[in-house]
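Protein sequence lines, in the order shown, are assigned to chains B and H.
Take 1 as the starting number for the first sequence in the working numbering and just add one per residue.
Take 260 as the starting number for the second sequence in the working numbering and just add one per residue.
FYI, nobody ran anything at the bench for these hints, they're computed from the structure.
One should not assume that every hint holds.
Pair ranges (Cβ atoms, derived) [what the hints assert, rightly or not]:
| hint | chain 1 | residue 1 | chain 2 | residue 2 | range |
| --- | --- | --- | --- | --- | --- |
| 1 | H | Glu429 | B | Arg25 | 47 to 53 Å |
| 2 | H | Lys353 | B | Ser174 | 24 to 30 Å |
| 3 | H | Lys281 | B | Thr182 | 23 to 29 Å |
| 4 | H | Arg415 | B | Ala207 | 45 to 51 Å |
| 5 | B | Thr178 | H | Arg415 | 45 to 51 Å |
| 6 | B | Pro198 | H | Lys353 | 36 to 42 Å |
| 7 | H | Ser397 | B | Phe170 | 55 to 61 Å |
| 8 | H | Glu429 | B | Phe170 | 56 to 62 Å |
A virtual CB, placed ideally from N, CA and C, is assigned to each residue, including glycine.
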Amino acid sequence: MNAELRANLVALNTIVYREIRRFMRIWPQTLLPPAITMVLYFVIFGRLIGQRIGEMDGFTYMEYIVPGLIMMSVITNAYSNVVSSFFGTKFHRSIEELLVSPVSPHVILTGFALGGIARGLAVAIIVTLLSMFFTQLQVHHIGVTVIVMVLTATIFAFGGFINAVYARNFDDISIVPTFILTPLTYLGGVFYSIHLLPDVWQTVSLANPILHMVNAFRYGILGVSDISIGTAIGFMAIAAVLLYLFCIRLLKSGRGMRQ
Amino acid sequence: MNPALSIRNLTKIYGNGFQALKGIDLDVAEGDFFALLGPNGAGKSTTIGILSTLVNKSGGTVQVFGNDLDRDPAALKRCLGVVPQEFNFNQFEKAFDILVTQAGYYGIPARIAKARAEQYLNQLGLWDKRDVPSRMLSGGMKRRLMIARALIHQPRLLILDEPTAGVDIELRRSMWSFLTDLNRQGITIILTTHYLEEAEQLCRNIGIIDHGQIVKNTSMRELLKQLHVETFLLDLKESQLVPPELGAYPARLVDHHTLEVQVEKSQGVTELFRLLALQGIEVLSLRNKTNRLEELFVSLVENNLAKEAK
């Protein structure tokens, strides 16, 4: 292994370790709230309301919403980890520590993204364990489940990074989650099958990328989906690559970081 | 041998059209202790920002030990340690973690990074504070922490942007001693400061920048030679009601016990003391009214201002 590659791996390990240490240190703000929120969803929607709804696509309502809720946790946590951490380093100016060092933009981006993915997956594991108090989960296709979860976390980690680069204040890092991510997630088939919608709204829903992610993940867990799994995974892979390239371009330009 | 720093025709025009640097040329030799001085807004911090890649240059070239900023920025960064003017570390991180993390960015394995962090925290008197979050440190401790952080990858060129600003005199002197030792070990140091006695005491060579241009780049000794007139304050033993007659030495009483005298370089002070002795005036002590470098600095900046006005 040449010296430069070894140095980059040490730098990557440093960033990832720092990112994981950050969200573990403040676990009451990062890991506990999604656990509480999801338990409330399980109790209110899954147990109380779900019993009156009955079955959906051949599963109890609780079984049906669990994959969507896990995916919702992954999306919001992967995104918010990167956006708050990277914006925080800009705000404290500690981003300068990274910029003056010889770390490549690829390592910086990968390090922050892996931090976001790690938090997304950590919350997914917590939510999955909690869901087992309410229903029995049997994974239909482990490969699809893992690929979709990792790709989704990656895409939203990159999304959080872009938001952080453009953000000028703390308001800017909450606008996208509040006004874009949350509505798209709720309308992304977490709580319902799009077959319940009128034809025109079914077509409109297909333009929502989160619908494809939630359904692909639901296929991995339950084996049912409203959309084509191959198309969904292909779309996610292309989106991840394009977002990666865009993030690298932002880092190289120094936008929001260098004068 | 490559100079430690070589800057050619460096320009910076900010987005609002302000031209902060107007094509500066600067060389700093390896092993030098160099002062980069200038009034506020002269372009010092912009120059340092470009060297440390925090500011994108508009034109020109920068090389550190032969490593070009455009061609091989990573190699340039490995040679360079920067202590910025403003605190720029994560306020929630512990002092020790800040150093180990910074070392990691330079590809230094954790085992070596921890040993170096211990070494520099000890040398800078911060070892007892290693587990304290940086926001809890005093201003002087934060400055020392930034110096330790800049040294963690053992750079060959260390740039300090006003490292002793707001630091008490005792601590400032201990930092001077630390920096002098570093320089003796072969580390090239570039220092910007508003304390001109600090620059005079520490630095061998000096560049003065004003309005984005280098107006002086010479050795400290040569620069001080250009000082033609020095103003001294003499503490007198006996009270005086009128200034004594001192011939070619212009003099005035600041108060009944303090005499201000202007002495030209060619005159020296021997004749002055002879004249005072003849009049029975005893002098308890003698000191410069202002720092010698400060007098030169003010005159150079004022001359440049007059040129700019024309």
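Okay, the hints, checked on the actual structure:
Between glutamate 429 of chain H and arginine 25 of chain B, the C-beta spacing of about 36 Å breaks the proposed range 47 to 53 Å. Restraint check, lysine 353 of chain H to serine 174 of chain B: a C-beta distance of roughly 29 Å satisfies the suggested window 24 to 30 Å. In this structure the supplied range 23 to 29 Å is violated for lysine 281 of chain H paired with threonine 182 of chain B, their Cβ-Cβ distance being about 51 Å. A beta carbon spacing of about 56 Å between arginine 415 of chain H and alanine 207 of chain B contradicts the range 45 to 51 Å that was offered as a hint.
At about 49 Å, the beta-carbon gap between threonine 178 of chain B and arginine 415 of chain H stays in the expected band of 45 to 51 Å. Taken as a hint, the range 36 to 42 Å is violated for the pair proline 198 of chain B and lysine 353 of chain H, whose Cβ atoms sit roughly 58 Å apart. Between serine 397 of chain H and phenylalanine 170 of chain B, the C-beta spacing of about 28 Å breaks the proposed range 55 to 61 Å. For the hinted restraint 56 to 62 Å between glutamate 429 of chain H and phenylalanine 170 of chain B, the CB-CB distance of approximately 40 Å leaves it violated.
The structure fails to meet hints 1, 3, 4, 6, 7, 8 from the earlier list, while all remaining hints are met.
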